[in-house]
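Protein chains in written order, with the UniProt record's numbering: chain A, 1 to 361; chain B, 1 to 361.
Take these hints with a grain of salt, some might be off.
Intra- or inter-copy, both count: the list cannot distinguish identical chains.
[Said to hold, decoys possible] Below, a list of computed lysine-lysine pairs in the DSS-like style, where the Cα atoms sit at most 25 Å apart:
1. K282 <-> K296
2. K269 <-> K296
3. K86 <-> K19
4. K95 <-> K324
5. K350 <-> K282
6. K293 <-> K139
These are computed hints drawn from the structure, not numbers from a lab.
There are 2 protein chains.
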Amino acid sequence: MGDNTVRFGLLGCIRFASKFVRTVTQSSNAVIIAISDPSLEIANTFAAANNLSPETVTVYGSYDELLNDPRVDAVYLTMPVTQRGKWAVTAAEKKKHLLVEKPPAQNAAEIDKIVEACESNDVQFMDGAIWLHHQRTVKIRETMFDSGLLGDVRHMYSTMTTLVPEQVLERLTKEAFGSAGAIGELGWYPIGAALWAMSYQMPISVKALPSSVATNSVGTILSCSASLQFGSTANAIIYCSFLSQLSTDLAISGSKGSIQMNDYVIPYKEDTAWFEYTSGAKFVDMHIGWNMKPEKVTVDCGGTEESQEAMLLREFVRLVQGIKRGESEADRRWPEISRKTQLVIDAVKKSVDLCCEVVYL
Amino acid sequence: MGDNTVRFGLLGCIRFASKFVRTVTQSSNAVIIAISDPSLEIANTFAAANNLSPETVTVYGSYDELLNDPRVDAVYLTMPVTQRGKWAVTAAEKKKHLLVEKPPAQNAAEIDKIVEACESNDVQFMDGAIWLHHQRTVKIRETMFDSGLLGDVRHMYSTMTTLVPEQVLERLTKEAFGSAGAIGELGWYPIGAALWAMSYQMPISVKALPSSVATNSVGTILSCSASLQFGSTANAIIYCSFLSQLSTDLAISGSKGSIQMNDYVIPYKEDTAWFEYTSGAKFVDMHIGWNMKPEKVTVDCGGTEESQEAMLLREFVRLVQGIKRGESEADRRWPEISRKTQLVIDAVKKSVDLCCEVVYL
């Protein structure tokens, strides 16, 4: 293990963390050296299930123990959202770089505390919105936005919906799930996508759409659609729901072109992804068809080596290495993206609380 | 020309009417025998441009003259929307069957008058929303709705946008274009699509989205997005705009599946069309992909013979023939679809007028 290798510890051993383990295992400059969970049993089971050998990976029964391990450079936080804010701050104070599953906190005030702790301790912060790191996302930025093929953004539609069985829905309490419910857990993606398409210009106002808001019997938000107004000419509709089958649609309409994807959050397959676009589309004479079909742009991810998880890890490791070598400071772009996303989530949540009134940012 | 042939006259000779002429010319049981326009010059130019021979097609310089021609069975109305209501009633009173371009009138009260005149005179009414007649539309109904693959509709997103040059936008006056502006002219499609997906259950309420409403200097609505609430669990977002490049998206998310199309109004190509769907989609273990890719269902339209225009004409002619033979009465389903579509347009327009308040239906 060279000095350049970034040594990770896990805070939380949920099943989903297996993906991160797999990505680190496949990488050449990162390694998992410790895992932790408040339940040592869960941590041990996770280690066994993920072939993490006791010779190379220390298993802790508490987050504190892992954070006190001086060998650990960076931590990946997957504990319930209601605890992430607190542990992220503690980890930053222990000089650990932070990769935090989304949503990284319950509200923007919590994120501000995390970001402050990261800045004071010169550690990198990044949330787990992997799709931003996919090469397709980079490709769209270049080919559609930078090139002018899309023109000015006029309208966006973005969803993240996934069907949860009825008996599970009732168990989604605010205590475990955060008060923003689906808006935080799922809305992180469509709201993040709208911000990304607007190059992180913030919306002027947001408004939850009354017809779309559903809660369970303990008041957790299960479904919400909202309108985001950017300036006077662009708006976005976002939709997040646990009541609708899996959908991850992103459609962006511009003054010159439009883009469509139905798998922007997690591509259908890991090794390849595509998007479709038109630019300068018109109906042909007599309106019996179009002057073009959508162009399909495919991005090859070279097996799993350039999957979006691998690309996220690569970027995070690059930044941590720079800081470790004393060559660069933490990149403030990533925490700023998280903060802006959370500010919009908070505003949508507030609109829901205010019976769908317009909330200005 | 057999007795079974339906003899059409045109009320209005706009360039777009060429498509109808082409469709009738290709059909075996319909024929154009007369055209009319308040400007005889425009009518003559249209006849020449569409190879309508003076030997078979009479050219009139007024709508009244055509409506007094007893040989004409049915008329196709394409004059400006502000005149359609009046001429549709007059035509019905002259016992002409009516195919009326969308929107067929300026508001539901006008449509009610047309429908009343059609019922009193036992003539068929149908609006020009061709996509409802496409075989793809029929196929989706069978394979996704009737089969249960979609489940209950939860969320719909539907657009009709087309970019109009700035200098033209200013010329779109309410006098020529109707007071509903883009909501009538373009919104007819996405609102009609939402109603179609809900099997013509009417929304409980609608609401224009403030961020989306744009007007020109004379107050004509150029752009509008709106939320339609159907019952407590389904809602639709519709978007119509002259400020955004051509888009005709229809996405329907259900409790079990979802459907996507980006050319539902006019398919990219006339001879074939497709839609994509998933049903039972989930992320695979570790969320590194989906358990399926969207299924693409292609519908072959046999060249132009079964294009959506041909299918609309076929249905209209079938109904007119039935009435002509005294075998059936006019089909009330088509006017009812138009009426419901217009009621929702009126409600969205009202919401715009009320600064985007919720309007109950």
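Alpha-carbon proximity between K95 and K324, which holds within one copy, between copies, both or neither at 25 Å: Within one copy only: 11 Å inside a chain, 86 Å across chains, cut-off 25 Å.
Homomeric proximity label, K350 with K282: Cα distance no greater than 25 Å: neither (41 Å within a copy, 30 Å between copies)
Intra/inter-copy verdict for K293 and K139 if alpha-carbon distance must be at most 25 Å: The answer is both: 20 Å in one copy and 21 Å across copies each meet 25 Å.
Same-copy or cross-copy closeness of K86 to K19 [CA-CA at most 25 Å]: Intra 24 Å, inter 66 Å, cutoff 25 Å: intra-copy only.
Identical-chain pair category, K269 with K296, by Cα at 25 Å: Both, since 16 Å and 16 Å are each at most 25 Å.
K282 and K296: within-copy, between-copy, both or neither at 25 Å Cα: both (18 Å within a copy, 24 Å between copies)
In the structure shown, a violation is registered for the earlier hint numbered 5 alone.
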